[in-house]
Every structure is written in C-alpha cells, then in structure tokens.
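Chemist: If you want the building blocks of each chain, they are given just below.
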Amino acid sequence: MALLEVRDLCVTIGSLQPLDRVTFSVDKGSILGLVGESGSGKSLTAMALMGLLPLLGGRVSQGSVRFDGTELVGLDSERYRALRGRRIALITQNPMTSLDPIQRVGAQIDQVGILHRGLTAADARARSIELLTQLRIPDAATVHGQYPHQMSGGMKQRVVIAMALAGDPELIIADEPTTALDVTIQAQIIQILVDLVRQRGLALLLITHDMSVVAQACDQVLVLYAGRIAESNTVEAIFAQALHPYTQALIACIPRSGQASGSLRGITGIVPSVASYAGGCRYHPRCSLAQARCQTEVPATQVHNTHRIACHVATAGAAHG
Amino acid sequence: MADAPVSTNSNPPPLVQTRGLTRVFQSRAGLFAKQRRLAAVSDVDLDIPRGRVTGVVGESGCGKSTLARLVLRLLDASSGSVHFDGTDLASLRPAGLRALRRRMQMVFQDPYSSIDPRYSVHDAVLEPLRVQGLALDEAANRAKVESLMAMVGLNPVLANTYPHQLSGGQKQRVGIARALALQPDFLVLDEPTASLDVSIQAQIIALLEQLQADLGLTYLFISHDLGLVRYFCHRIVVMYLGRVVEILPDPTATPRHPYTQALMQSTFEPDPRRRRTVTLLHGEIADAFNLPAGCAYAARCPGATQRCRSERPKLIHPDGIEQGHSLACHHPLGS
Numbered sequence: 001m002a003l004l005e006v007r008d009l010c011v012t013i014g015s016l017q018p019l020d021r022v023t024f025s026v027d028k029g030s031i032l033g034l035v036g037e038s039g040s041g042k043s044l045t046a047m048a049l050m051g052l053l054p055l056l057g058g059r060v061s062q063g064s065v066r067f068d069g070t071e072l073v074g075l076d077s078e079r080y081r082a083l084r085g086r087r088i089a090l091i092t093q094n095p096m097t098s099l100d101p102i103q104r105v106g107a108q109i110d111q112v113g114i115l116h117r118g119l120t121a122a123d124a125r126a127r128s129i130e131l132l133t134q135l136r137i138p139d140a141a142t143v144h145g146q147y148p149h150q151m152s153g154g155m156k157q158r159v160v161i162a163m164a165l166a167g168d169p170e171l172i173i174a175d176e177p178t179t180a181l182d183v184t185i186q187a188q189i190i191q192i193l194v195d196l197v198r199q200r201g202l203a204l205l206l207i208t209h210d211m212s213v214v215a216q217a218c219d220q221v222l223v224l225y226a227g228r229i230a231e232s233n234t235v236e237a238i239f240a241q242a243l244h245p246y247t248q249a250l251i252a253c254i255p256r257s258g259q260a261s262g263s264l265r266g267i268t269g270i271v272p273s274v275a276s277y278a279g280g281c282r283y284h285p286r287c288s289l290a291q292a293r294c295q296t297e298v299p300a301t302q303v304h305n306t307h308r309i310a311c312h313v314a315t316a317g318a319a320h321g
Numbered sequence: 322m323a324d325a326p327v328s329t330n331s332n333p334p335p336l337v338q339t340r341g342l343t344r345v346f347q348s349r350a351g352l353f354a355k356q357r358r359l360a361a362v363s364d365v366d367l368d369i370p371r372g373r374v375t376g377v378v379g380e381s382g383c384g385k386s387t388l389a390r391l392v393l394r395l396l397d398a399s400s401g402s403v404h405f406d407g408t409d410l411a412s413l414r415p416a417g418l419r420a421l422r423r424r425m426q427m428v429f430q431d432p433y434s435s436i437d438p439r440y441s442v443h444d445a446v447l448e449p450l451r452v453q454g455l456a457l458d459e460a461a462n463r464a465k466v467e468s469l470m471a472m473v474g475l476n477p478v479l480a481n482t483y484p485h486q487l488s489g490g491q492k493q494r495v496g497i498a499r500a501l502a503l504q505p506d507f508l509v510l511d512e513p514t515a516s517l518d519v520s521i522q523a524q525i526i527a528l529l530e531q532l533q534a535d536l537g538l539t540y541l542f543i544s545h546d547l548g549l550v551r552y553f554c555h556r557i558v559v560m561y562l563g564r565v566v567e568i569l570p571d572p573t574a575t576p577r578h579p580y581t582q583a584l585m586q587s588t589f590e591p592d593p594r595r596r597r598t599v600t601l602l603h604g605e606i607a608d609a610f611n612l613p614a615g616c617a618y619a620a621r622c623p624g625a626t627q628r629c630r631s632e633r634p635k636l637i638h639p640d641g642i643e644q645g646h647s648l649a650c651h652h653p654l655g656s
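One line per chain: the protein sequences are A and B, in this order.
Take the first sequence: its position 137, counting from 1, is numbered 137 in this note's numbering, and each next residue is one higher.
With the second sequence counted from 1, adding 321 to any position gets you this note's numbering.
Simulated from the structure, these hints should not be mistaken for laboratory data.
Keep in mind that a hint or two might mislead.
[As the list claims (entries may be wrong)] With beta-carbon atoms standing in for the labels, derived distance ranges:
1. K28/A to G341/B: 54 to 60 Å
2. A534/B to G57/A: 48 to 54 Å
3. G407/B to D100/A: 52 to 58 Å
[Said to hold, decoys possible] Some but not every residue of chain B turned toward chain A, in silico, with C-beta under 8 Å:
4. P484
5. L487
6. S516
7. V519
8. I521
9. H545
10. G548
11. L549
12. R551
13. Y552
14. Q582
15. A583
16. L584
17. T588
18. E590
19. R596
[Said to hold, decoys possible] One-sided and incomplete, this derived list gives chain A residues near chain B with beta-carbon spacing under 7 Å:
20. S38
21. L75
22. R136
23. G167
24. Q191
25. M211
26. S212
27. A215
28. Q216
29. V235
30. I267
Please read these numbers as outputs of a predicted model, since none were measured by experiment.
Glycine is no exception: its CB is placed at the ideal position from the N, C-alpha and C atoms.
With the rest of the complex left out, here is chain B (with noise of 0.2 Å):
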C-alpha cells in the first residue's frame, strides 16, 4: 500500500465531496403499469482524498455506476450535491464543466462503446483534446499521442489502426490513454477490467496502480470484485441497493456489516487450503423500486430482527471502532 501523502498540517480537504446525493429514475406510466420510482443513489455522503484510491463494490442494481456518473456530472442529481476541489458541480454553466472537466475523467468498462468505430487509436486519442480546443499541428498532435500511447503500454506503431484490430487489453489501454489526455487529478474507473480475461484484468490493473503512483492520481474504483478492491484501493465504501452500507477504513480492516461479510465470504481465495463456508440463502436482492421501510439488506440478513424491519440504520461511526470506519447496522457484527 503506498503512504498517505505526507503533510505537515491537518489532514488537506478531500478532492470530491458528496453530501446528501440522491439520484430517482422514474418509469415511464404505460397502459398497464403504474408509473414507478426507483432511487439508484440515496443520500451519499462520501469523501474522496487526494492521491488516493477509493473503491466503491457492491452488486448489480446497488448504485455504483450511478453514483460514478453522479460525481462526474455525467447525469444529474435528484438532490443533494458534489463539490469538486470546493467548487459546486451543480452550480457550474456548460462552458464552466466543461472546463473543470479537464480535470477529472472517467474510463469505461467497454471504452469503444463511446468511441466512433471509424476512428484509429490516433483519432481516439486525440479527440479529448480536440473537444476542449486544445489540439496543436499535426506534428504535435503524433508526439502527444506517442507518449500518451507510451505511458499506456501501448505500442505506437498501433496509432493508424482501428478498434476491430484490437484486442480487449489493448482497447482498454486506449480507453486509458484517452482518460489521460487532458492530464486530469481524478479518474472514475467504471469497472474497467469487468469484460477482460483474468490475465489481462491484471496486466490493466497494474497500469493503473503504477499510473496512479507516477501521477499522484486520484481514483475512484467503481468494481463487483471485492478481491480485486481489497488489492487496489486504499478505502473501501460497500453499497448495496443505492446505499453505502459500510465505508472500510482501510483494505485490512475487519467488516461489521453483515453485507461486507457475505461479501468477503462469496469472493474466494486462489488456494485450496482457505476455501470459504458459503452458506446457503433463501432470500434473494429486494426489489429495488419497493424498498422495504427498514434495513435494504433485513431480508437476506441472518441476524435481521423486527427493528431492522420497520426501521432504516444509518451511517454512523459507532463507539469503539477503527477512525474513518463507518456503517448502517443496528447489529454490528463483533459488538
């Protein structure tokens, strides 16, 4: 795990701050069916610090991708806000975002679903630049797009060819040079390995530790693996069904949450002699659009009692745990 980045005062303010985000999509009213509300995102508070790399896990349907495209203003939010370096996203007009954009970028699971197929990696690559008026003559623009290639891995007798020549590994490095083009602070990384083979999930993965700590980046981690976020970020937020269930100081510490622990119990180990006790469950993942008044998670929960039921827990920073260490449990495991 690299250091926290040494500083003389107190702790410097966090890059991203959510308060109170909140994100509801609403089905359309048909002949037959009832308009429905379903809050993908609901009332996150999350601080995202400097040069470092926060990772958000959770399950299909639990937000996280929401929540990515939220901080980047990509969609936005119901309530609530997002302040980038102590500037109010919401505030910003078009020609402001689009500037403050510069700064923080976002990798996609599948890069060339938002890439023209006709481009070539040259193309692709420039085209962030292009889109901010920053593009220079053409001898320029090769040298820009051989280095940004270079920091990538990427050979750069590849620049003239198209996306179908690719493989998946090479595709996701052009995702990644594109990112880095305008030389942002902070990278949203949507589950970029998700569609990769296991040996290229880890070529990637070690691009973007070794690009994080030659920057000083900082990322946030959107990814269903815990494994693989446990690995990679320093802090750990845990949602499930729109909400942060627990935030984990750090990648060794212990989870209280029920949810984290399933969690951690679900993804195994590369060694015979850990295997996990998976135990069986009946329930299945509510049904997002008729969230329970309680606890989200009550009906999966082992330990879920009447309370949990009728009343939703909050996340707090109980007494007696770990600094920076929060959760939404009314029965922390281990107190």
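Extracted from the complex, chain A is given alone in its bound form (with noise of 0.2 Å):
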C-alpha cells in the first residue's frame, strides 16, 4: 500500500483555485517527482501536504490526502504538528530560510531528537553527529558547533537534510533541494536522498523543475501544469514516450550530450499566472498541436496501467499498443 496516498487535492486561496483535482500516491521505499515550471504548482502540492496552507491564507477546498491511512485534510493542527518534523520532513530550497543564523547548527539538528522523539540531550547531540557523519560532514563534531554562516552552501543543505533525518520520518518532501548549489554538489546531495530512500525505505516527494534530476533519480515521474495534472507515469515510460506535448517539450529543453546544434527548442510564451487561467486545457496558447476543442473542453484523465493523461490530442495507453 502506498505510503502517501493523495486524491483530487484542490486548493483554494480567496478566489482562486490553483492546484485542481492532483492526484498522486508515494509507495515506501520509492521517489517520486513532481515536475513543472515555475507557477504550475509544486511548491504549494508540499505546501499542502505539510498543513502549512494556513500561512499563505488558502485552504484545501476539496479532496483527500492519506498519510499511513490517516486523512490529513481537516486533521487538527495539534495533531499536525506531532506529524510534521517527526514523520513527514520538510527540505526546502534555500537552506537560511530552514536554519536560524544565531544558533549553533548542531543545536538545531539536536532539537528535532529532543522535541520528536524524547531523547536526552546528549543522546540528541550523539545521534546529530551520527547523522551528520553519515552525510559525509568531515569532522562533524566540529561542524555540530558551528554557525550557519560558517559554512558553505553545500554543507547548509547537508545540515538541513539531518534536521530532516532527526525525527526518523517516513516521508520526506523536497523542494527544489539543490536548485541554489553548484553541479557537483548537487550531484552529491542527489546521490545522498537516493541513497537513503534505498537504505532506509523513505518515500521522497522530489520536487523539481529539472527534467535531468528527475531522470538520474526518480522511480515515478508527475508532470504539472498551470495547477493540473498533465501526465504522469513510471520515469523509463515518461522518458522512452512522453504522449503529452508539455512532458515532451519539458524533456527537450534539456540537450542531451551530442545533441546536433540548432536542435534545441524550448517552449514558447510562460505559464499563466492563477488569475489568468485559459479555458479548456490550460496548456494550450502554447501547444502546438491544439485543436478547436481544447480551447473550450477541459480534458479529462485517462488512466491506463500506470499512465495517467489529460490531453485531447495524446490518449493514455495509444503508445501501448
């Protein structure tokens, strides 16, 4: 059974819905990723999922979202909260906006131990340098004692994963974890929450706007766009044959190495902000391969095996014979 298991998620905030009927399942052991340009939604899809849509004045309007067999949506905020940090991990982008800048690193990793999972101080600060050790931190006894400010970007980012790891969660969520950091250390950082999905069966929500991370990491793949889903399947089916016009466009935007030149495309116009919304599928002013009826018709999801797809002109399953 899946760990995560969300269904027709529909956000409100005042008037306008930005994320419409997303629906998705995390199995343990498993990665999932959630992909999309700026602005079709991912970061709200986690903001969501924590509970935390009271902080940008929204709501979930309609839907559900199981966690272990529990409903989330309407679950009481005390109740929350003894969720949050403890099984269900939040990595966010920027590591500052995780870590406080006046208080020792090691600390704020000690805390979670101490707040989620009742340890002793100094069972907290042992378990904090273990984890710490296992991110491959040099030195970590020394790292434990420093300020945020003291360190490189990378090692922020290895810290904030610890955080993470120190309430043994079952799920962890995150968001654009290595967008800031330079290409090796993102590799390394990848490599980690690959690794610890595989050593300690987490489920990962991986949230990215790269469909290359998405390729070396993941196990599923979920494509967003503009609040909806666009199509979603196994990441060999995604990549051997995208049927959406967004996933294929989002996959060529990326070269590939010996790609001819003159090759690369990209996609044309920017995605629609929440207040202006096309009719019918939202993709289409820049798809080009829209008909009549996608202008007025909003498509419907067709599901077939593990394919799911919201297109007029792609039908679920017509690559599978």
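Make the complex out of the two chains shown on their own, each in a separate frame, by following the hints.
Modeler: Shown next, in the form of structure tokens:
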C-alpha cells in the first residue's frame, strides 16, 4: 500500500483555485518526481501536504490526503504538529529558510530529536553527529558547534537534511533541494537522498523543474502544468514515450550529450498566472498540437495501468498498443 | 556544430588573446581581521577564435565572471594582458576604450540589474547608442529599436512597456537587444540563462545560436552548466579556483582532468537509461583565500599524490593527445 495517497486535491486561496484535482501516491522506498515550470503548483502541493496552507491564506477545498491510512485534510493543528518534522519532513530550496542564523547548527539538529523523539540532550547530540557523519560531513563534531554563516551552501543543505532525518521520518518532501547549489554539490546531495530512500525505505517526494534530475533520481514522475496534472507514469515510460505535448517539450528543453546544435527549442510563451488561466486545456495557448476543442473543453484524465494523462490530442495507452 | 570558417591561408589570428591574465582582490584589514589576498583569476592564457563559441565552465568562485569582466576591461588586470583584435586594452585611454567597446558587449545574468527601472524597453535598447553619441532623430531611433526587437524575437508593441511588466525571458531578450545595438563582433555572455526556467533557457540559447550563425559573432559563454556548454560551445575552457585546468578543443573530446570528469559525472542526462554513477566525496572546494601550494583540486581528487599537493601543475599540451587539448594535471586520466 502507498504511504502517501493524494486524491483529487484542490487548493483555494481567496477566490482563486491554484491547484485542481491533483492525484498521486508515493510508496515506501520510492521516489516520486513532481515536475513543472515555476508557477505550476509544485511548492503549493508541498505546502498542502505539510498542512501549511493557512500561512498563505489558503485551504484544501476538496479531495483527500491520506498518510499511512490517516486522513490529513481537516486534521487538527495539534495532531498535524505531531506529524510534521517527526513522520513527514520538509527540505526547502534555500537552507537559510530552515536554519536559525544565531543558533549553532548542532543545537538545531539536536532539538528535533529532543522534541520529537524524546531523546536526552546527550543522546540527541550523539545522534546528530552520527547523522552528519553519514551525510559525509568531515569532522562532524566540529561542524556540530558551528554557526550557519561559517558554512558553504552545500554544507548547510546537508545540515538541513540531517535536521529532516533527526525525527526519523517516513516521508521526506524535498522542494528543489539542489537548485541553488553548484553542480558537483547538487550531484552529491541527490545521491545522498537516493541512498537514504534505498537504504532506509523512506518515501521521497522530489520537487524539481529539471527533467535531468528526474531522470537521474526518480522512480515515478508527475508532470504538473498550471495547477493540473498533465501526465504521470514511471520514469522509464515518461522518458521513453511521453505522450503529453507538455511533457515532451519539458524533456526537450535539456540538451542531451551529442545533441546537434540548432536543435534546442524551448517552449514558447510562459506559464500563466493563476488569475489568468486559459479555458479548456490550460496548456493550449503554448501547445503546437492544439485543436479547437482544446480551447473550450477541459481534458479528462485518462488512466491506463501506471499511466495518467489529460490531453485531447494524446490518449493514454495509445503507445502501449 | 557549425563548421569553422573556411580560410585559404593558415588560421586567422584569434579575436581576443589573454596572456598571464591575473586579478587579485584584497580584503580590507580591520580591527580583528588581517588583510587577505584572493587571486580570482591567475595566469590565464586564452585564445578566443573568431566566429566561434568559446565556453568557460566552472563552479562558484572559479573566477569565470571575473575573467569575463577582465576580457572587456570592465575590471583592470593586476598583471598580464588582453589583446582585442591586436590592440592591447590596457594601453587605451578612456576615449579609445569607449570606441572599441562598440565592438565588444556583454549580456548579464540579470540584465535589469544594470538598466534603470524607469526606462521603457525603447529607452533601454537605445541607451548604448546614446552613450556612444550615435542616437538619431526620433523616427530613425524608433525604426532602429523596432529592428533590434525583431532580431531578438520581441514584439515591437512592447517598446513602451517597463521592466516590471516583462517576464524573465523577455527581460533577457531586451538585454541581448541592447548588447547588439552597436553591431559588435564579440559578445561576452555571463550566465545569461542561469536565473531562468529551463523552458525559457532553451528559448534564449536557441536565439543566441541563431544570432551567432546569422551575424558571424564571436562569443565567450560563461556557465556553470557543462551540459549546456557542451551543447552550445565549439571549445570548452574549464576553470577551478581561478585557474584554467583543461581546454577541450571540441565538445565531444574526452576529459583528461579529474575535475572535468567530476563535472561531467555531475551533469545529469535527461534519460533514465543513462544515469550517472556519483561517487560521494569527503572534500569541499578549497578556501580561495588560502590556496594550497600544489594543485587546488588535490584535496578532492581521488588520484592525488604527494606531488600534486606540493607542486602546481602547469597548463600544457601533453604528447599523444588531440591538437588544441591542454590540461594542468600531473596524472591525466587515460594515460
């Protein structure tokens, strides 16, 4: 059974509905990539799962989020707080949004163990140093006593991962965890996350805009466009035979090694803001294959085995024969 | 890949040539801090061939943006020289430098950090012509702006809009139109797509490719993204902590420097059948204020020896490898 099961999740903020019927699930020991351009609703999905929508003045207006059998939509804030940081952890893009600049990083990691797992201060410290060592931080005991400003970006992101792991979570939501980092450091952090999933049986929801990160790390892929699912499938199937024109275009944005010059295209136009979504299929103004009905009729989601797709032009299972 | 311009005589001289180019920054001494010295760019010899795209790739702090500014003399070198089409930039007085700047322009990562936010697109595109005293009457200016906007794929109706009304991709197109306003030969592109979405990045790269081919421009393309550099560039210069560690004569050449190989393994392919094997490292990028006596990469390099830690390798062309391929390593890969 899936550890996290999201069904028809809709989010409203005021009179706007930035997320519309998003459905997916994440199994233990597997990685789901949530992918799309800026403004597609990826981070909003993370906020909804963490129960943090009230911070944005938003709420779940419809749908369900089940975590290990428990319905999270409508859960009271006290019970949500017991889950957050303990069983579900969040890693954000900018480590400084998670770190207190005037507290030693070690104390910040220790706190998670003390609060969520009832460890003594000495046990929490030993556990924090062990986690930092596992994340390949040299001389973890020294780092434990340092302040965030004494560290590089890659080191700070490892500290944030250690904080996420200190509660011994079952699900990690990582929102663009490597976007601000150098490429060699990005590769290291992604590898650390993949190893954690494989070794500890964690479930990971990896939010990214980069299809090459998805190809490297993920088992399943969900492509969001303007708050709706465009397509989802296993990573192999998505890259071997993406059917949604948006998925195809996103993959084509990353140059492959050996790709001939002059063949990179990009996607014309930009993601619309939530106040100006097009009628019908929201991707149609940018889609090279759009037909008349794409402008007026919202495409229904078709399901075929692992494949979900919402497109009038492509059909689920079409390439499966 | 575009073919090299055919030339009946031997290779034409490079458009830009740097020799021993070095830039040192000094931190101010304070009450508690000693003055510290940082060589952002050290001893760089670089030839930038005409009509080609030369890529400079490296991670933060490798000196690639400082190199970009030195090449245009937006920064003065501490030592060494830059020659543009045979002219030593350091020898020019301000008027001569300004005249030469018509031929060399820069595209920035965030174009609007250098454009007055009260300027409309029209004003922003026209500014270089005004600075150079080349602006004409109103009708001619408008025609000029329209043709530049068309060149970069901007709808001319946007001429009277302001930067806050534009998307990131449109702003970068304005930045490119400004750079092209003076009909330069040489463009330095400093991470022009680093803050854009991948979909917009691909559009901008496609535009830059087309302009390069149509106008026969020479580019120096600065990036942290080796995948993009291998797609876009004819020649690749790899920098690490202020020094050139490898020059690949073409984007398909096999890296011989362990750092270039690490960059390659960290650059993921959009294909799950070609996943990279990432080796977890203990080391971090060395402190640029406190560079070791030997190879700066030795602390992270799996093949480093005692010699690497004590003796700095020079950038040379080793025997038995492709023409134009140079590297600075005591123990090149595959030899």
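Chemist: Hints first: check each against the structure and report whether it holds.
Modeler: Status of each hint after checking the structure:
1. Remark: the range hint 54 to 60 Å for K28/A to G341/B is upheld by a beta-carbon distance near 58 Å.
2. At about 49 Å, the beta-carbon gap between A534/B and G57/A stays in the expected band of 48 to 54 Å.
3. Our hint of 52 to 58 Å for G407/B and D100/A holds, since their Cβ atoms are close to 57 Å apart.
4. Interface restraint check for P484/B: the shortest CB-CB distance to chain A comes to about 15 Å, outside 8 Å, so the restraint is violated.
5. Checking L487/B against chain A: minimum C-beta separation of about 10 Å lies over 8 Å; hint violated.
6. Hint on S516/B is violated. Least Cβ distance to chain A is approximately 11 Å, over the 8 Å limit.
7. The criterion of a C-beta within 8 Å of any C-beta in chain A is met by V519/B, whose closest approach is roughly 4 Å, and the hint holds.
8. Hint status for I521/B: holds, given a least beta-carbon distance of 7 Å to chain A, under 8 Å.
9. Contact between H545/B and chain A, as hinted, is supported at the beta carbon level, the nearest pair being about 6 Å apart and thus within 8 Å.
10. Residue-level restraint check for G548/B holds (minimum Cβ-Cβ distance to chain A is 6 Å; threshold 8 Å).
11. The interface hint given for L549/B is met, as the beta carbon of that residue sits about 6 Å from the closest beta carbon of chain A, less than 8 Å.
12. Because the smallest distance between the Cβ of R551/B and any Cβ of chain A comes to about 6 Å, under 8 Å, the interface hint for this residue holds.
13. The restraint placing Y552/B at the interface with chain A holds, with a minimum CB-CB distance near 3 Å, inside the 8 Å limit.
14. The closest approach between the C-beta of Q582/B and any C-beta of chain A is roughly 11 Å, which is over the 8 Å cut-off, so the hint fails.
15. The beta carbon of A583/B comes within 6 Å of a beta carbon in chain A, closer than 8 Å, and the hint placing it at the interface holds.
16. Interface hint status for L584/B: upheld, as the beta-carbon distance to the closest one in chain A is roughly 6 Å, under 8 Å.
17. Because the closest C-beta pair between T588/B and chain A is about 6 Å apart, less than 8 Å, the hint holds.
18. With a least beta-carbon distance of about 6 Å to chain A, the hint placing E590/B at the interface is held under the 8 Å criterion.
19. The interface hint given for R596/B is met, as the beta carbon of that residue sits about 5 Å from the closest beta carbon of chain A, less than 8 Å.
20. Contact between S38/A and chain B, as hinted, is supported at the beta carbon level, the nearest pair being about 5 Å apart and thus within 7 Å.
21. For L75/A, the shortest C-beta to C-beta distance to chain B is roughly 34 Å, which exceeds 7 Å, and the interface hint is violated.
22. Hint status for R136/A relative to chain B: holds, with the closest Cβ pair at about 5 Å, below 7 Å.
23. For G167/A, the interface hint is violated, the least distance from its beta-carbon to any beta-carbon of chain B being 23 Å, above 7 Å.
24. For Q191/A, the interface hint holds, the least distance from its beta-carbon to any beta-carbon of chain B being 4 Å, beneath 7 Å.
25. Nearest Cβ of chain B to the Cβ of M211/A: about 5 Å, under the 7 Å cut. The hint holds.
26. At a threshold of 7 Å, the smallest CB-CB gap from S212/A to chain B is about 4 Å, leaving the interface hint in force.
27. The beta carbon of A215/A comes within 5 Å of a beta carbon in chain B, closer than 7 Å, and the hint placing it at the interface holds.
28. For Q216/A, the shortest C-beta to C-beta distance to chain B is roughly 4 Å, which falls under 7 Å, so the interface hint holds.
29. Hint status for V235/A: holds, given a least beta-carbon distance of 5 Å to chain B, under 7 Å.
30. At a threshold of 7 Å, the smallest CB-CB gap from I267/A to chain B is about 4 Å, leaving the interface hint in force.
The structure does not agree with the numbered hints 4, 5, 6, 14, 21, 23 stated previously, though it agrees with the rest.
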